[in-house]
Amino acid sequence: MTPASTALATAAAGAAERGFLSPTGVEIAFVLVGLATLGAAVVTVTTRQLVHAALWLVVALGGIAVEYLLLTAEFIAWVQVLIYLGSVIVLLLFGLMLTKAPIGRSPDADSGNRWVALGVAAVAASALVWVVVDAFRTTWIDLDGPVQGSTQVTGEVLFRHWVLPFEALSVLLLAALIGAIVLSRKDTADTAAAPADATDQGER
Amino acid sequence: MNDALDVALRLLVVFAVFLVLPLIVGQTEHKVMAHMQGRLGPMYAGGFHGWAQLVADGVKFAQKEDVVPAGADRRIFQLAPAVALLPYLLVLIAIPLGPGEGAVGQVIDAGVFFVLAVMGVGVLGSLMAGWASANKFSLLGGLRTAAQLLAYELPMLLTAASVAMAAGTVSLPGIVDAFEWWWLPWQIVGALVFFTAGLAELQRPPFDMPVADSEIIFGAYTEYTGLRFALFLLAEYAGIVVLCALTTVLFLGGWHGPVADGWVWTLLKTAVLAFVVIWLRVSYPRLREDQLQKLAWTLLIPLALAQIALTGIVKVAMN
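From first to last, the protein sequence lines are chains A and B.
Numbers 20 to 223, taken from my numbering, label the letters of the first sequence in order.
Numbers 2 to 320, taken from my numbering, label the letters of the second sequence in order.
None of these hints come from the bench; they were simulated from the model.
Among the clues, some could well be false.
[Stated by the list, open to error] On the chain B side, residues computed to face chain A include the following (Cβ under 10 Å):
id, residue
1, GLN38
2, GLN64
3, LEU144
4, ALA147
[What the hints assert, rightly or not] Just so you have them, the derived chain A footprint on chain B, three or more residues with Cβ under 8 Å:
id, segment
5, 66-78
6, 123-136
7, 196-204
Note that CB positions come from ideal geometry on N, CA and C, so glycine has one too.
This is chain B alone, in the form it adopts within the complex (with noise of 0.2 Å):
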């Protein structure tokens, strides 16, 4: 196969998993919310169990008005729902599926650091946002985003650094084929860290507080409405997916597993991650800014420090 084949291949299969495992997940989110909370769902929409309902709200999304505020600052307004997205596609490049190179959309040689810094980048757009709407929700939703993402971002560098360390390289397939099962135990609380800073990055509930609604309406993104929205909603479901995936590649062992190594194993601990994301949003209340930066600074920055104290400690006794 000659090599722009190839590339476009990779990026049009990169591209239809960015778009295809966000709406599953947003179904799923549908379906668990609906029966955890003793109700059925949406139902209607293309027949079996309401299997449509995303494509139904995308058909809506695309008809509705696209306003942009009188006082708004037209261009950023504009511009912030593509800086939101983007980054999450990007990420989802250097994400290895199964082993080789032939499930991964490209091997980058210094993965860890890419995926953080680029997933980084995609809070900027909450920002853009949350100024250009000249609507004080908007700011406040945009004031709220930055210090849960400057609070957050420490403990999740930290933990994959432990991971990076442990496996002694930065590299994605690099640190999935160092990984052996006992890393499990020994990378807990650095998985633990890494998932709940994820979360709150992504501003997932019980992290939700730049979009609380009951009290600053929808945040940043109160002032946007059809396509643009829509594209805000999938750059969240796009960030549960990186998010799980990341997790699983850095600390579950990606497509190791029990029995026969393969992609399918990342795939099912990905989607397992992304239901207790669903689980944890049903079942916690939202917690206050303030709690929120007492257990970013006091209690996930610590746990990470100890984590890469441990991970230092047994890579030396091994030697």
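Just chain A, same shape as in the assembly (with noise of 0.2 Å):
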């Protein structure tokens, strides 16, 4: 048995005890912080100008790194901000200056499908929060024995129960890395001259 499933066993049967009604500060932090992260997250699809969304979609990620941290899982939650803050940002915000989005308002930025986009939003998250509260129900986190989501417990639970999953994701990974390089030199057969002289090493 591992630690963590130990841990947790031990942690549900302490679950019995506890009650909603008397939260503890770290539960309190951790509502307060799920309510910025959800606030953020609602910015981020209302807000009418596009860079200030991709900087609330910082705030919202960064949140639910905070709330990872509250849950002890430390590995997952640098992970998340390496990942998410540190990568997908700089790319998305990348992408938003090549379209040279404005200062201020973008009306135009509007597809119509608001309605359309609030029903699927609405369908996912029920199913999510459905699953999440169906698989942990009434699980509590024992804060004062050894840390449950150190580094250590992640990578033993990740290469020993979760290993397949784990495999066919990387391999899921690699192929849409392949696609996106072959959709990318789609078009570099006609045009080879251009990129070779753009390659050029020219003077030190």
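Dock the two chains into a complex; use the hints.
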């Protein structure tokens, strides 16, 4: 039995004595950060300024990282910051800058699918919330015991119990990577001369 | 000592280091550059060899008017310097200076990931500045910053992962604890790739295309004046300190030395690396944008992958 599953089992046993009416400081912080994250996410999809939407997304994704930290999953939290804040947002901003996203409102950026999008978002959110609530119900994390989300525990659980989904996902990502390269190289055969000039070493 | 006082004291020390070391690097840069170019550098402020020049610069910056361009996005323009500077302060908390709990701000379980993740966030400041300035030179600078970060983040991460594999831990004090002298030749390729990619992430010469003054004035920082401009400059020098300290901790054995391990070695190695950073600025011409990208994708990333393979082979052979 891994340390994580033992800890989870003891935590589940201890959950019976807990109630929702006397929250601890960590629980209050968790709810507050959750509300802030939700607020930032709502602003992200409702603001009419494109780059502001990307920056509010930074707040929302950072809030999720803080939630991971409060759940003691330190490793996951830093990876969240590294991948989403450090790379995905930078890529997003890079793309927005290429489109010369104007300062101020972009009224033409509204696709008119507002209500369809709302419906899809509501369905997706309720499915996710239902799955997570059903999976964990009243499981408490024992904050005083050994850390349950440390890098070691995460690694052991990942590579012992979840190694097949992990490998399947990496194959999927590899396929996506190769697909992206193929797509971006599609028309280089016609304009082979131009990139050859551009990559010329020139003077040092 | 009670907990609150302990935490406050540690934060105070980290903050003092954050304020003092970048200034020392800045002053060293004035002097080293000057002497490498056959001149003296600042000589008057403060009396002895112009030691107070940066203090005087700070006073000058503080007195300047804080101008926000009329067409700029006010709030983001004003927020950008803080976003650029604060990550380096946070990173300093996790860097161990000497052995034991006493010589690190806070032991973080996944320290390597923490420092690299938070350092990556600092670049958001440059992007925000570049976009919010409503200036085409700033926008170009922001674009170049983003392209450069995307290219150089990967080799940095891969080489850091190589060290973490070698040490069997992702905690920074744990990595230095596990260090042996023969790691130096074993991880030397990784060290060079990490340091080079770090220089690029800081936009230091020869990787200063995003702020190339002869082409795009000063890139994303073109419209900034006064204190906010000073904060961007401080972020650059704090970045040098953080990069050199990280390279020391990950690849050069931190507080281990030929005689008597201790925090002096960490500072000494960091100082030597900072000197190398300044030296490179004086001696190398700026890389062109396509050369920059080519260097990252066709040289640094394959080298980093080869280093990971080598680390894995040696690690398996040892067990």
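Next item on the list: Test coverage of the segment 196-204 of chain B by chain A using CB-CB distances below 8 Å; three residues minimum.
Entry: Contact hint for the segment 196-204 of chain B vs chain A: violated, 0 residues under 8 Å.
Note to self: Hint B/LEU144 vs chain A: min CB-CB distance below 10 Å?
What the structure shows: holds, 5 Å
Item checked: Cβ contact check, 8 Å cutoff: the segment 123-136 of chain B against chain A, three residues minimum -> holds (count 8)
Check: Do at least three Cβ atoms from the segment 66-78 of chain B come closer than 8 Å to Cβ atoms of chain A?
Finding: Coverage by chain A holds for the segment 66-78 of chain B (4 residues, Cβ < 8 Å).
Margin query: Quick check on the hint: B/GLN38 CB to chain A CB, less than 10 Å?
Written below: violated, 20 Å
Check: Is the interface hint for B/GLN64 satisfied, with its Cβ closer than 10 Å to some Cβ of chain A?
Finding: violated, 29 Å
Item checked: When the least beta-carbon distance from B/ALA147 to chain A is tested against 10 Å, hint result -> Nearest chain A Cβ about 4 Å off; hint holds.
Hints 1, 2 and 7 from the earlier list are contradicted by this structure; the remaining hints agree with it.
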